[in-house]
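Chains as they are written, first to last, in our numbering: chain A, 133 to 466; chain B, 474 to 828.
Hints were generated in silico from the structure; no laboratory data involved. Even glycine gets a Cβ: it sits at the ideal position worked out from N, Cα and C. There's no promise every hint is true.
Unchecked claim - Using C-beta positions, here's what the derived DEER-type ranges look like: (1) B/R693 with A/S446: 48 to 56 angstroms; (2) A/G145 with B/R693: 46 to 54 angstroms; (3) A/Y333 with B/L668: 22 to 30 angstroms; (4) A/V247 with B/S582: 38 to 46 angstroms; (5) B/Y717 with A/K218: 33 to 41 angstroms; (6) A/E217 with B/V497: 50 to 58 angstroms; (7) A/V247 with B/Q506: 32 to 40 angstroms; (8) B/A565 with A/V247: 36 to 44 angstroms; (9) A/F157 with B/R693: 50 to 58 angstroms; (10) B/V795 with A/E223: 38 to 46 angstroms; (11) B/R769 with A/G292: 55 to 63 angstroms; (12) A/S366 with B/A563: 50 to 58 angstroms.
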Amino acid sequence: MLRRLEPLKSWEGVLLVILIGIVIFNSSMTPHYLQFQNQINLFQLHIEKVIIALIMTFIIINAEIDISVGSVMALAGCVMGYLFEKGLPFELCVLAGLLTGALTGAFNGFMVAHVKMTSLIVTLSGLIGYRGLAHVLLENRSVGNFPEWFDRLGQKPLVGPFPFALILFFLLLIIALIILQWSGAGRYVFVIGNNSEVARYSGVNVRRVKMTLFIISGLVSALGGLLLAARLGSIRGDMAIGTELEVITMVLLGGVSIFGGTGSLFGVLLSILIILNLRNGMGLLNVPGENQTGVIGALLILSVLGPNIWLGISESWNRRHVQRTRVGEEEKGG
Amino acid sequence: MMDQLKRYFRPEQLREMSLIALIVFIFLFFGSQIEGYFSPRIFNRVTSDVAIIAVVALGETLVLLTRNYDLSVGSIVGLTAFFIGKQLTAYADMPPGLAMLLAIGAGSSLGLINGLLVAYARIPSIIVTLGTLAIYRAVLVAYPGNKIVVINDLPPWVSEFGSIQLFSIGEFDIRPVVAGAFVMFVIFQFVTTYLRFGRQLYAIGSNPEAARIGGLPSQRIVLSAFILCGAIAGLAGFLYLVRYGNLNTAAAQGMELKAIAAAVVGGISTNGGKGTIMGALLGALMINLLQQSLLRWLVISNFWVDALLGLLILTAVFIDSVIINRLSELWNRRDQEINPLDEKKTIKEKKSNAA
């Protein structure tokens with residue numbers, strides 16, 4: 133019987149049990165919960181964070197961190213809004229927004245990979261500075277009235293019941309899965325995360341990998357900012373504040389080590405489902421937004437505390453198991 | 474001549490002196506740009522603001538020295554300010570001293586939670602305090618009753634406390650808040666320079682592994698750094714309440730970033746074990762002076778403040794990691810040259826120099 137439960141001993145197994153618990157609780161609260169449309173809405177409401185969590189997984193496995201994502205989202209949105217206000221063709225504004233993201237990412241990456249500054253402090257100054265630039269561009273205004281196709285892309289389903297952002301997420305998920313779990317480039321990410329010195333001596337181009345990751349992170353954050361703008365229909369300088377908290381929680385709860393080198397996208401996917409369903413459940417219970425964020429914060433701490441404790445338990449269980457078998461063998465031998 | 478100079482100044486001191494020069498420059502520059510910049514009114518306002526952020530930065534510095542972060546200080550300041558405000562609204566006859574002690578107690582218990590999770594549960598401080606940043610704010614929002622503190626509901630001493638003057642030089646008042654903050658800085662400068670506890674903070678920060686092997690009670694020291702940081706943030710919460718009076722649930726939001734920025738600009742290394750308390754004070758002074766001046770300078774919009782702040786942090790860390798390190802190497806190399814044991818090497822170098 134216990135052997136049947138063996139796969140559940142991994143952290144992913146624990147996450148799965150938690151997820152099932154939350155889903156059962158939520159569906160007992162309201163019958164509409166398990167409807168297909170509600171599940172899609174669940175994703176749609178936080179789709180930007182979910183998409184950014186994919187690249188954040190890479191970055192944290194690589195033993196770096198990027199806490200500027202929320203500010204990059206706002207900056208990319210504000211660059212787009214600012215240029216749109218100035219009367220540039222809208223497609224060009226979208227491109228400029230994405231380019232802004234890539235540039236901020238390249239800047240972060242350069243500071244981390246080439247100047248060798250800590251990613252935490254680089255992105256901390258980004259967190260303050262990029263948000264400041266966003267405010268410089270739009271001040272207190274909010275920009276809206278985007279072309280109709282843009283709003284529709286963010287608010288209406290594109291294919292069947294699926295909105296554009298959700299389809300994009302699944303595409304990116306598949307690409308990320310292939311790169312991280314099954315390709316050589318993914319191995320590099322893990323190796324550098326484990327020990328960047330060893331990786332360097334083994335001929336891995338550490339700088340290039342880190343640089344690429346940060347550029348993609350900036351680009352994806354900008355994409356997230358534009359998706360948020362499309363979903364809300366307007367842009368403000370103070371949008372997407374605190375995104376980094378939730379994104380990092382999603383990644384760490386998924387079993388990715390904050391010290392780098394271990395983790396998988398499957399775990400992150402499970403933790404994304406947990407957080408989305410948990411938020412939905414709290415919404416059903418009328419918990420206000422800030423308190424939901426507080427619960428996410430508690431989850432963040434638990435997500436590091438949990439695996440530690442779990443490791444301890446399963447190790448001691450294993451030890452006892454081994455001891456018992458040994459005792460059994462000795463008895464047999466004696 | 475050069476050697477003489479070098480005996481007196483270390484690169485770190487050079488850094489602090491250039492910071493002072495920069496502050497004086499900012500002061501003079503905006504003085505020439507803004508009308509009435511040197512007036513007592515602006516002086517009083519700026520010093521009161523600097524006092525609060527500097528106190529928070531002081532607590533943050535103690536944690537940064539041990540190679541940890543405390544991102545939750547903004548929420549601690551907000552929560553204690555709100556909590557004390559609510560208590561004072563309910564019990565108007567509470568004496569000021571008790572309210573202050575209550576704030577310090579509340580702050581240190583919040584710091585205790587951080588410290589226990591970091592030191593004993595071994596969770597990286599960035600994760601713990603990013604989490605408690607959200608949790609403490611949520612506690613503030615979940616606090617029963619209405620979500621604001623209004624100065625009219627508070628006892629009259631609160632609004633008077635901020636503006637009474639301890640003594641004044643000409644028309645420039647020195648308020649108790651400012652004097653208190655300065656005294657705290659002097660005390661903690663002494664503690665970190667001469668007392669065992671202070672040196673232990675540096676030891677753990679510069680090499681945690683060596684400190685542990687050397688027999689320092691690392692966990693206990695990191696815990697006490699977090700508790701102290703919380704207590705100081707609690708005190709800052711009290712000052713915040715006294716200074717502003719009207720609070721909502723977003724009180725002191727983002728103050729953690731300013732505190733870290735002040736410390737980093739002041740030369741505290743985020744890798745721990747480097748920097749002085751007085752440096753943090755200079756950093757806080759510089760950031761706040763810049764912010765307050767830009768607010769009053771009409772040439773560029775005040776939305777530039779945060780963008781400049783980000784750039785400032787980056788520049789400060791860049792200078793530390795590149796230029797100061799180079800200078801330190803230079804200093805150490807010269808020291809070796811003077812050392813008679815290295816005579817051979819010196820002669821060789823002299824020859825090559827001559828050639």
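Right, here's what the structure says about each hint:
1. B/R693 with A/S446: 48 to 56 angstroms: Between B/R693 and A/S446, where Cβ atoms are some 30 angstroms apart, the hint is violated.
2. A/G145 with B/R693: 46 to 54 angstroms: violated, 36 angstroms
3. A/Y333 with B/L668: 22 to 30 angstroms: Once the Cβ atoms are compared, 43 angstroms apart, the range 22 to 30 angstroms for B/L668 and A/Y333 is violated.
4. A/V247 with B/S582: 38 to 46 angstroms: holds, 40 angstroms
5. B/Y717 with A/K218: 33 to 41 angstroms: holds, 38 angstroms
6. A/E217 with B/V497: 50 to 58 angstroms: The hint (50 to 58 angstroms, Cβ to Cβ) is violated, given that A/E217 and B/V497 are roughly 40 angstroms apart.
7. A/V247 with B/Q506: 32 to 40 angstroms: Between A/V247 and B/Q506, where Cβ atoms are some 33 angstroms apart, the hint holds.
8. B/A565 with A/V247: 36 to 44 angstroms: Taking Cβ atoms as reference, B/A565 and A/V247 lie about 55 angstroms apart, which means the hint is violated.
9. A/F157 with B/R693: 50 to 58 angstroms: With a Cβ separation near 41 angstroms, A/F157 and B/R693 fall outside 50 to 58 angstroms, so the hint is violated.
10. B/V795 with A/E223: 38 to 46 angstroms: holds, 41 angstroms
11. B/R769 with A/G292: 55 to 63 angstroms: holds, 57 angstroms
12. A/S366 with B/A563: 50 to 58 angstroms: Hint violated: Cβ distance 41 angstroms, outside 50 to 58 angstroms.
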